[in-house]
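Peer 1: Below, each chain spelled out in residue letters.
2 protein chains.
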Amino acid sequence: MKLYSFWRSSTSYRTRIALGLKGLHADNIPVNIVTAEHRGSVYAKINPEMRMPTLIDGEHTLTQSLAIIEYLEEKYPEPPLLPLNIYERARVRALALAVACDISPLNNTSPLLYLSQKLGLTEEQKVEWMRHWISSGFEVLEQLLITSPYTGTFCHGATPGMADCCLVPQLYNARRYHIDLTDFPLITRIDAACAKLPAFIAAHPSNQPDAVK
Amino acid sequence: MKLYSFWRSSTSYRTRIALGLKGLHADNIPVNIVTAEHRGSVYAKINPEMRMPTLIDGEHTLTQSLAIIEYLEEKYPEPPLLPLNIYERARVRALALAVACDISPLNNTSPLLYLSQKLGLTEEQKVEWMRHWISSGFEVLEQLLITSPYTGTFCHGATPGMADCCLVPQLYNARRYHIDLTDFPLITRIDAACAKLPAFIAAHPSNQPDAVK
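From first to last, the protein sequence lines stand for chains A and B.
Heads up: the first sequence runs through residues 1 to 213, numbered per our numbering.
Heads up: the second sequence runs through residues 1 to 213, numbered per our numbering.
This is chain A alone, in the form it adopts within the complex:
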């Protein structure tokens, strides 16, 4: 397999974690978002969405991190990233989507460019925008996790899964923007548990070949 990814992209980071948890290897092909390489003609031919990441598995081209993770789950069921029980699966997916739909899209490169280039926002206003969506999203997640008997060492029980794949990259982003995490003890505790595992360590942005120190 080949994974087109960018070291700091949270959707790439999610996918790398899932591959690692499954014990799968994909050759990492860096695409530089900072220089807009993802919008160039070479990458656009591979992925017309011009977004990160893209997984190539044999003849198949796969896009959208959550669709890729579901694909890996179906093709390589062990170890599972979703519980067996139908309702519990829905819970894990809902937690993953609370990050992937309600936080992450607002802080992507394209809305941030729109805010600065079309609306003339200052750097400070952009950072405030990002902090707002991360903090308000984390308030919801902390609440969802605290109130559920299914929350364990990880977002769901004693093994890491799809929700953790989404949560950890979002925390990396939060720290990048110096967001105060003291109000989110459960989220940070789960993140700390993940940080000890080889799959999460190997997937960390700082451990990617294209990382800028």
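Quick caveat, the hints were computed from the structure, so don't treat them as lab data.
Keep in mind that the hints are not guaranteed to be accurate.
If chains are identical, the list can't say which one is meant, so a pair holds when it fits in one copy or spans any two.
List of simulated lysine to aspartate or glutamate pairs, DMTMM-like, C-alpha gap at most 20 Å [unchecked claim]: (1) Lys45 / Glu142; (2) Lys118 / Glu128; (3) Lys45 / Glu139; (4) Lys2 / Glu73; (5) Lys2 / Glu74; (6) Lys45 / Asp27; (7) Lys2 / Glu88; (8) Lys196 / Glu139; (9) Lys196 / Glu59; (10) Lys2 / Glu124; (11) Lys196 / Asp57; (12) Lys2 / Asp210; (13) Lys22 / Asp180.
Put chain B on the given structure of chain A with help from the hints.
Peer 2: Here is chain B on its own, set in the frame of chain A:
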């Protein structure tokens, strides 16, 4: 089952379509987003995310439209909203996510409120923002659909599925903001095919009990 939904919310609309395609009935409990009823204490107890929709199935509370649709797919497999083949499933999920992650979140109530209340955008600037994300998202979708041999009468083949559940409400939104759809002949052709089906007709915002004429 009970579905907490708002007539014009695209995530509610998606879920209503999926229920209809499965031939399932859920009592519709309207929640008024315009009066911020979803942020009130009654609804917050039901769904701490304070977002639409929420499906109650017996003792289970389900949130996030795509997690609900996957749940319905697993609990009530017939008729399927995802193909059988693993790669094709990933394709359909990626199309659904291209709407649910890359278009819809930017045009939700909360970012629009932020744009007007915190950043002082005019109504015209907000509409331009919405049009931008819908049009650029549709350009990508049209391209994904045109270049795939799997595209048929619907987003994937000859039967409607998860991607159609997401696409049709986004088109409803696009029309609401008078977006020129002439550049998206395939998307509009699929939308027209969906519009003939009872499940899509019954789920249409104008056919909901809380619809404002």
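Peer 1: Against this structure, judge whether each hint is valid.
Peer 2: Here is how each hint holds up against the structure:
1. Lys45 / Glu142: between (40 Å within a copy, 15 Å between copies)
2. Lys118 / Glu128: both (17 Å within a copy, 10 Å between copies)
3. Lys45 / Glu139: between (39 Å within a copy, 15 Å between copies)
4. Lys2 / Glu73: within (17 Å within a copy, 30 Å between copies)
5. Lys2 / Glu74: Classified as within: same-chain Cα gap 18 Å, cross-chain 30 Å, threshold 20 Å.
6. Lys45 / Asp27: Within one copy only: 19 Å inside, 46 Å across.
7. Lys2 / Glu88: between (31 Å within a copy, 19 Å between copies)
8. Lys196 / Glu139: neither (24 Å within a copy, 42 Å between copies)
9. Lys196 / Glu59: For lysine 196 and glutamate 59, the Cα distance exceeds 20 Å both inside one copy (35 Å) and across copies (35 Å).
10. Lys2 / Glu124: neither (37 Å within a copy, 44 Å between copies)
11. Lys196 / Asp57: neither (28 Å within a copy, 37 Å between copies)
12. Lys2 / Asp210: Close inside one copy (15 Å), not across copies (49 Å); limit 20 Å.
13. Lys22 / Asp180: neither (32 Å within a copy, 44 Å between copies)
Consistency with the previously given hints fails for numbers 8, 9, 10, 11 and 13, ordered from lowest to highest.
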